[in-house]
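Student: Each chain, letter by letter, is given below.
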Amino acid sequence: MLFSRRTFLAGAGAGASVVAITGCGSGGGSGGEVTFLVDNDPNNVVATELLIEAFNDSQADYVFTMETRPGGTEGDNLIKTRLSTQDMPDVFSYNSGSLFQAIRPAQNLLDLSDQPWVSRVAEVYPPSVSVEGAIYGAPHGGSNSGGIWYHKPTYEELGLEVPLTWDDFIANAEAAKSAGKHGIIQSYGDTYTSQFLVLADFHNVAAVNPDFAEQYTANEVGFADDPTAFKAFEHVEQVTQGGLVNEDYVSTTLEQALAYLAGGEGAHYPFFSSGMAEIKATHADKVEDVGFFALPGDDPETNGLTVWLPNGIYIPSTAENQDAATAFIEFAVSAEGLAAMAEGAQPTGPYMLTDVELPEDVPTAIADLQTYFDTDGATTPALEFSSPVKGPNLENILIELGTGSIDARTAAERYDQDVEKQAQQLGLEGW
Amino acid sequence: MRSKVRINIATALTLLVFIVVFVVPFYLVVNNAVKSREEAAALDLTMPTSFHLVENLQEVFAARDYMLVTALFNSTVLTVASVTGMVIVAAMVGFVLQRRRSRINGLVNAAVLMGLIVPPAVVPTIWVLQSIGLFKTLPGLILVEITFGISFCVLLFRAFMSTVPRELDEAAIIDGCGPLRLFFQVILPLLKPTVVTVIVVQSVAVFNDFVHPLYFLPGEENATVQLTLYNFMSQFSTQWNLLFMNILLITIPPLIVFLFFNRQIVAGMTSGAVKG
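Protein chains in written order, with my numbering: chain A, 1 to 431; chain B, 1001 to 1276.
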């Protein structure tokens, strides 16, 4: 007995000394190296690994390493925590638009307005990473778009054409339904996917009222009282109550929805163009079977795409090695850097740099997006990039609407109320 | 006759509940861990058409430069050290608190209770860790884990101390026992049932902790096992087969511990029951 107690104590002591040793080992690892913090999306991780490798090979002064963080709310909290404890790695990637505004850029980030690459950035991008005229971020990779995925073989079989108006779109969905397929796939199992019929409709709203974003920020219009904006809510009601959606839409997940689409069980799926990465990884042989078009509105003349701008790459004002950080960003927006990233994960939409083209081997669905970008006035950044007002509960409200608990009018009114709280928290004028 | 039938129904129900609660989730994990990415994306309970056990295993281990190996090591050190610290410190506090009545007892009790109630604040905690140079170090996180677990442990130890007769301490002191020896050789062995409870509860809590390592121990080389799950799971894309394989792998260490110490755990609990 006595012996066993002795060994227990000795064991505890040995354990404590091991802790002390490993503590020293892991504590001193930050010298000489520069860290780039990115979110943990698998495609992003692969692309970043190659980008860092290419950068480290291209020069001899700095050695970069990658660190990952979760996305979503947890990622937001982590970014804010690390900024306020002055523990942010020297370069990091984070959302542009309203989430960017929430991390107090003027106080926490380094002003990059005088960087040489700024003049090459497409006109649409800088406002989403600027505060009072100063630019704080560089575009991280290609853009993303919201719209409708469709199954090409189904379209050929039924002799359908890519719709330019909402009514044509519904007619196509009806035709697919009569052919025994899901007209429109919805996947409320991943709640955020419920929002695309509303969020991706913003190009159509802005086509009718170009000042919508400004008026919305100033509380002059809302989704319930603007007839064009309200249509998106009616659309959700129409497709779910009209029986055009898959029967299990309440519990379907994103992965299942994309499997329906790639396998041709469903004809349409409203989602990001970045869904291509998942289709490619999971259904590699079906990549050319899917196409992508902008969410159609009422007027075929103004048909166009709602674009999600890429994340920004930022440098915190507390960065220890600013020269390394700026050199890295310059490389990340160069044709060479973008090519390195594309080798790991292909871009999900055109780049935000005027002099860099998409690689030639991207799937047709993504390459076709360039047409929208090349047409004047056929792209609009999503509302969340031009207005800081975005309510946190849109997905929940749309699920209530989509499952028939409330009607379109109530849903739009509830969303306007939801937004009100958030706008008041931001301290905007007019709320 | 009648009561026999009833017992059988109860047994059957228990079995059913057991299957639903324990076997089905485990089956889901194992089943999906051996599937290909395409099949696992459907997220159902059908049998896999082809087995990818070795590939998935390799991929999970090799991901991000063998992060899982580092993470298993870190988590083991973290769990062993934090639980050891909690047991020793909390047992000492419980011992003193129960044996020696003094004026600060009320204050200490209030502090223990506060430890249970007051929610942890991340940013100020990081400031404190930074100012003493322990931020981003394993010892720093160990101290954080001990802090968050200690209130609960003190309550357990204090309650159990009252069942240990004071005469034992007195006899030991008369025999010439010093305070440290009294605690480690007389009292701590008698607290074994509580020690076992604390080890079981806290090691599971620390090993499965996600939030504290995320905020207090950032950096690739500092990963713990729960953070490795995020290698395969992200906002827009999840590799379910690898995710489930990872879950399976990080469930194994606690399982081994329980298999090895099963006898002691049961013995500890029953000895407590008889004495209590």
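Since the hints were derived computationally from the structure, they do not count as laboratory data. Errors might be hidden in some of the hints.
[Claimed, not checked] Label pairs and their computed distance ranges (CB to CB):
id, chain 1, residue 1, chain 2, residue 2, range
1, B, I1117, A, D285, 53 to 63 Å
2, A, E214, B, V1123, 44 to 54 Å
3, A, E161, B, G1219, 51 to 61 Å
Where a beta carbon is used, it is the ideal one built from N, C-alpha and C, also for glycine.
Student: Next step is simple, just say for each hint if it's right about the structure.
Tutor: Results for each hint:
1. B:I1117 - A:D285: 53 to 63 Å: The hinted range 53 to 63 Å holds for B:I1117 and A:D285, with Cβ atoms some 57 Å apart.
2. A:E214 - B:V1123: 44 to 54 Å: 35 Å, violated
3. A:E161 - B:G1219: 51 to 61 Å: 53 Å, holds
Violated hints amount to a single one, hint 2; each of the other numbered hints is respected by the structure.
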